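Colleague: Build out the structure end to end from the sequences listed, making use of the hints.
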Amino acid sequence: MILGGIAGPAALVVAAVLAPAAVAGVLGRLLRASLLLTVPIALSVLAINVFFFPGGATVLLRIGPFAATAEGLSFATEVLARIGAISGAITLFYLTTPPAALVLDLERRGVSPRVTFVALASVQTVPAMVERAVTITAAQRARGLDTEGSIWRRVRGVLPLAGPVLLGSIGEVEERSMALEARGFTRPGRRTLLWSPPDSGRQRLARWLLVLSVPLLVAARAAGWLEWMT
Amino acid sequence: MPDLVLDAVSHVYARGDVRALDRVALRIGLGERVALIGQNGSGKTTLVRHLNGLLRPTEGRVLHDGVDVASRTVAQLARAVGLVFQDPDRQIFAGSVRVEVEFGPGNLGLRGVELQAAVDHALAAVGLEAEGRTNPYDLGAARRKLLAIASVLAMRTPVLVLDEPTTGQDLRGVEIVRRVIEEAQAAGRTVIAVSHDMEFVASAFDRVVVMRAGRILLDGPPASVFDESSWQALRSSYLEPPPAARIGARLGLGATPTDAALLSALAGSAQ
Amino acid sequence: MLALESVSYRYAGALRPSLHDISLELRDGEVLGLVGASESGKTTLCLVASGLAPRTVGGTLGGRLLLDGADAAPLAIHHLAGRVGIAFASPATQLSGVAGTVYEEVAFGPMNLGLPLPEVIARTDGALASLRIEALADRDPARLSGGQQQLVAIAGLLALAPAHLILDEPTAQLDPAGTAMVAEALARLAAEGASILVAEHKTDLLAGICARVALLDAGRVVLDGPAGEVLSDPRLPELGVAAPAAARLRRSARAAQLTGDALARLDGALA
Numbered sequence: 034m035i036l037g038g039i040a041g042p043a044a045l046v047v048a049a050v051l052a053p054a055a056v057a058g059v060l061g062r063l064l065r066a067s068l069l070l071t072v073p074i075a076l077s078v079l080a081i082n083v084f085f086f087p088g089g090a091t092v093l094l095r096i097g098p099f100a101a102t103a104e105g106l107s108f109a110t111e112v113l114a115r116i117g118a119i120s121g122a123i124t125l126f127y128l129t130t131p132p133a134a135l136v137l138d139l140e141r142r143g144v145s146p147r148v149t150f151v152a153l154a155s156v157q158t159v160p161a162m163v164e165r166a167v168t169i170t171a172a173q174r175a176r177g178l179d180t181e182g183s184i185w186r187r188v189r190g191v192l193p194l195a196g197p198v199l200l201g202s203i204g205e206v207e208e209r210s211m212a213l214e215a216r217g218f219t220r221p222g223r224r225t226l227l228w229s230p231p232d233s234g235r236q237r238l239a240r241w242l243l244v245l246s247v248p249l250l251v252a253a254r255a256a257g258w259l260e261w262m263t
Numbered sequence: 342m343p344d345l346v347l348d349a350v351s352h353v354y355a356r357g358d359v360r361a362l363d364r365v366a367l368r369i370g371l372g373e374r375v376a377l378i379g380q381n382g383s384g385k386t387t388l389v390r391h392l393n394g395l396l397r398p399t400e401g402r403v404l405h406d407g408v409d410v411a412s413r414t415v416a417q418l419a420r421a422v423g424l425v426f427q428d429p430d431r432q433i434f435a436g437s438v439r440v441e442v443e444f445g446p447g448n449l450g451l452r453g454v455e456l457q458a459a460v461d462h463a464l465a466a467v468g469l470e471a472e473g474r475t476n477p478y479d480l481g482a483a484r485r486k487l488l489a490i491a492s493v494l495a496m497r498t499p500v501l502v503l504d505e506p507t508t509g510q511d512l513r514g515v516e517i518v519r520r521v522i523e524e525a526q527a528a529g530r531t532v533i534a535v536s537h538d539m540e541f542v543a544s545a546f547d548r549v550v551v552m553r554a555g556r557i558l559l560d561g562p563p564a565s566v567f568d569e570s571s572w573q574a575l576r577s578s579y580l581e582p583p584p585a586a587r588i589g590a591r592l593g594l595g596a597t598p599t600d601a602a603l604l605s606a607l608a609g610s611a612q
Numbered sequence: 006m007l008a009l010e011s012v013s014y015r016y017a018g019a020l021r022p023s024l025h026d027i028s029l030e031l032r033d034g035e036v037l038g039l040v041g042a043s044e045s046g047k048t049t050l051c052l053v054a055s056g057l058a059p060r061t062v063g064g065t066l067g068g069r070l071l072l073d074g075a076d077a078a079p080l081a082i083h084h085l086a087g088r089v090g091i092a093f094a095s096p097a098t099q100l101s102g103v104a105g106t107v108y109e110e111v112a113f114g115p116m117n118l119g120l121p122l123p124e125v126i127a128r129t130d131g132a133l134a135s136l137r138i139e140a141l142a143d144r145d146p147a148r149l150s151g152g153q154q155q156l157v158a159i160a161g162l163l164a165l166a167p168a169h170l171i172l173d174e175p176t177a178q179l180d181p182a183g184t185a186m187v188a189e190a191l192a193r194l195a196a197e198g199a200s201i202l203v204a205e206h207k208t209d210l211l212a213g214i215c216a217r218v219a220l221l222d223a224g225r226v227v228l229d230g231p232a233g234e235v236l237s238d239p240r241l242p243e244l245g246v247a248a249p250a251a252a253r254l255r256r257s258a259r260a261a262q263l264t265g266d267a268l269a270r271l272d273g274a275l276a
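Top to bottom, those sequences are chains F, Z and V. What the first sequence shows, in this note's numbering, is residues 34 to 263, in sequence order. What the second sequence shows, in this note's numbering, is residues 342 to 612, in sequence order. What the third sequence shows, in this note's numbering, is residues 6 to 276, in sequence order.
Hints may contain errors.
Claimed, not checked - Calculated from the model, a selection of chain V residues having no Cβ within reach of chain F, i.e. all distances over 10 Å:
#	residue
1	A17
2	E35
3	E109
4	A127
5	A140
6	A199
7	P242
To be verified - So the derived label-pair ranges between C-beta atoms look like this:
#	chain 1	residue 1	chain 2	residue 2	range
8	F	R186	Z	A458	20 to 30 Å
9	F	E207	V	M6	21 to 31 Å
10	Z	R356	F	R62	41 to 51 Å
11	Z	S605	F	R186	49 to 59 Å
12	Z	R356	F	L250	32 to 42 Å
13	F	W185	Z	A411	24 to 34 Å
14	F	P231	V	G131	48 to 58 Å
None of these hints come from the bench; they were simulated from the model. Given the structure is predicted, the values throughout are model-derived calculations rather than measurements. Where a beta carbon is used, it is the ideal one built from N, C-alpha and C, also for glycine.
Modeller: Structure representation (C-alpha cells):
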C-alpha cells in the first residue's frame, strides 16, 4: 500500500518473502501453498476488475457486451501483487515456525506459562480425542447402535456417541490437572525453559532491516520520492 | 446359534504395513469358554473386533455358522456377538445405571416387560441390582466396569466377548466375573475373553489361545498351554505361567495350571 | 517421614466420609503396600497423603497430614510437589501433553519449579538413569507402550526429588510385560532406599517389594504390619483382597487336609 503500482509490492515479495523462503528451504512449499490459496481469489479479482473497472477506456478485448480494459488489468494486477505479498508472508510464517517454538519464545519474553501450556496442549489433545471418539463409536455400535440407518436413527445416536466423549474428557481433565498440579504447574512466576530459539547475528540484522524499512518507506512516499513506481 | 470361524484372516491397518493379524485360522464352537492371551499388540483385540464386524478382514473371511458375515452390518451382528470394551468410560452415557443397561437390549428391539426382565437379570448378575437409579459416575471405576458387562449381558447374545474383564477388580469383582462366565456357559452361550490375568484364565476357561505378532502361537486347554513344555513359547510373549503351574513343575507333578489341580496332584502323589 | 494423624476425609458433596480416623506412617527408606477392596478408600488415602486432597480435589480434611513432623496444611500444592510425588493408574493422563520428547516430559517438574537450568538437566539425567530409560530420551512420549509411559511418569516424579513416592495402582492398566517393567523398577528404587507407598490389588507384586502392608476396609485401617504377616492373614478374602499365591495355596492345602508330607513338599516349593 505504501509502495504504489506493481513494482513495489513485487520487490517486497521478492525481498521479504521469497528470499527468506529460499534460505529456509521452503520455497517450493511456499509457492505451492500460496498459489493454492490465491488462485481462486485471483480469478475473481481479475474477472471483475478487467471487465468492470470504472473509468476503463483502453479496450483490449470484447466478449459480447463486456469490454476488457487495460486500466482494469493494471488495477487488478496491483491488487493481486498486494494479495500475493500478504499471503506469501503469512504462509512463510506458518511454514517456518513450529508452534512450540513460537509459544516458548513468547514465554521466554514474559508470557505466562499457562498460556504456553494451553496452546501446546490443545494441539496434542486432538489426536487423542479423535482416537477416543472412534473407540466410543465402536463400543456403541457393538451394542446395536445403528450408524448406517435413517436420519432419525442417527439423530438418536447423538447422545450415546457425544455423551461418553464429553463425560470421559471431563474425567480425564480432572486426573490430568491433578497430575499437573502435583508436578508444580501452579507455582506462580516464571519457569526454567530448556530451549531457546536459534538466533544469529544475520537473522537479527535481517529483522531490524525489515522493521526499519517500514518507517523509511513511509517517509520516502511522503517526500514524493516514490512517484516513479506508480 | 453361531459357531465362529476365522478363515485365514489377515488384517492390515490402513495407516501402516503392520499385519495386525496374519492369516489367522480359528474355530470356536458353540458353548466354549475361550481365553485369548498375549502381549499388547499381539492381535488379540484386533481379532475379537472381527467377530462382530467392527473390523473387516483385509484377506480371508469371518463366518458365523458357515455364513460369511461380510455383508452384515455391525448393528446386525450385535444380535449374535456382544462385545464388552475394556474401558467402560468409552461407552457410558446415561444418567442412571438402569437406562445405561437398557440401551443395548433396546437397540435389539426388546420392549416392556421383556426389556425390564433382561435388565433386572443382568444387574443382578453383576451385583448392581440396588443401584438402578445411581449415576454411573457415582460408582467407582471397578463397578462401572461391571456395569459395562451388565449392559452387554442384557442383550442376551449367544456369544459374549469380554475385553480385560478383571483388570482393576478386587476379589469380589473377579468372583462376579467368574460367575457371569459360568452362568453364561450353563445357558449355552459361548464366552470369549481377552485377559492378562493368568490365574483367572487358567481357572475360568476350557481353552487358551496364545497370540503373538498377529499369529496364534498356542491353542489348547490350560493344562497343556501352561505346561512346562510351553513355557519358552509363553516367555517369548512376555507371559508367565500361573503360580500353581510353576510350583507343580518344580515338584515334578506334571501339568497343574490351577490351585485345585496342584492340590489334587499333591494329594494324589502322597499316596 | 510422612504421616497421617487421625485423618478423616469427605469429598465435596458426599454424604459420608471416605476415610475415618486413619493413622498411618510412611517412614524414610520403607515401601508400604496398601490393599483393600474397591472403593475402600485406597485412592482417597493416596490423594490425602500427596496433599491433592483437599487442595486440588476439594472436600474436607479432618486430622493432619504431617511431613517430617510438621503439619502440611499451610503448604500449597506446588510446595508439596518437591516433597511428595504421586502417580496414577492411567499412563496417558499423567503425561503433561506438551512435551515432544521424553526428556522434556521428565524435565517438566523441575522446569515448573524454576530451578536453574544446570540443575534441571542434572535432575532429568538422574531420573532417567534411575529407571534405566535413558534410551527413551528422544522418543515421543505419546507413542510409547503403557509400561514405558508409566516409567516416564515415575521418572517425571523422581526428577522433583521428592522424599516420598505415592503410586496408586501403577500396574492396573498394564500388560504383563509392562507390569514386570514397573515392578522391577520399583524393586530397584526400594533397594536404593526410596520411601514408597503403593496401592495395588496384585498382592503377589506387593509381597515382592513391600516391607509393610496396610489394609483398608470401608475407609479404616484394619491391618497394619509386616508384609508377610498381613498378606498371610486369613481375613484377607472376606475383606475383599486376594491373598498372594503362596499364602492362598498353604491355606487351601491345610483346608483340603493334605498329609503332613504333602504340606511339607508344598512349603518347600513355595520357599
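Colleague: Each of the hints needs a verdict: does it hold here or not?
Modeller: Results of checking the hints against the structure:
The beta carbon of A17(V) is kept farther than 10 Å from every beta carbon of chain F, the shortest such distance being approximately 12 Å. With a closest Cβ-Cβ approach of about 21 Å to chain F, E35(V) is found to remain outside the 10 Å limit, as its non-interface label requires. With a least beta-carbon separation of about 6 Å from chain F, E109(V) fails to lie farther than 10 Å from that chain, contradicting its non-interface assignment. Consistency note on A127(V): stated as away from chain F, and its beta-carbon is indeed over 10 Å from all of that chain's, at 12 Å minimum.
Every Cβ of chain F is farther than 10 Å from the Cβ of A140(V); the closest lies at roughly 19 Å, confirming the non-interface assignment. With a minimum CB-CB distance of about 17 Å to chain F, A199(V) clears the 10 Å threshold, and the non-interface call stands. Every CB of chain F is more than 10 Å from the CB of P242(V) (nearest about 31 Å), matching its label as outside the interface. Checking the proposed 20 to 30 Å range against R186(F) and A458(Z) shows it holds: the Cβ atoms sit about 25 Å from each other.
At about 30 Å, the CB distance of E207(F) to M6(V) agrees with the hint of 21 to 31 Å. Between R356(Z) and R62(F) the C-beta distance comes to about 23 Å, which lies outside the given range of 41 to 51 Å. A hinted range of 49 to 59 Å holds for the C-beta pair S605(Z) and R186(F), which are about 55 Å apart. Checking the proposed 32 to 42 Å range against R356(Z) and L250(F) shows it is violated: the Cβ atoms sit about 50 Å from each other.
Separated by about 27 Å at the C-beta atoms, W185(F) and A411(Z) satisfy the suggested range of 24 to 34 Å. Distance hint check: the CB atoms of P231(F) and G131(V) are about 27 Å apart, inconsistent with the given range 48 to 58 Å.
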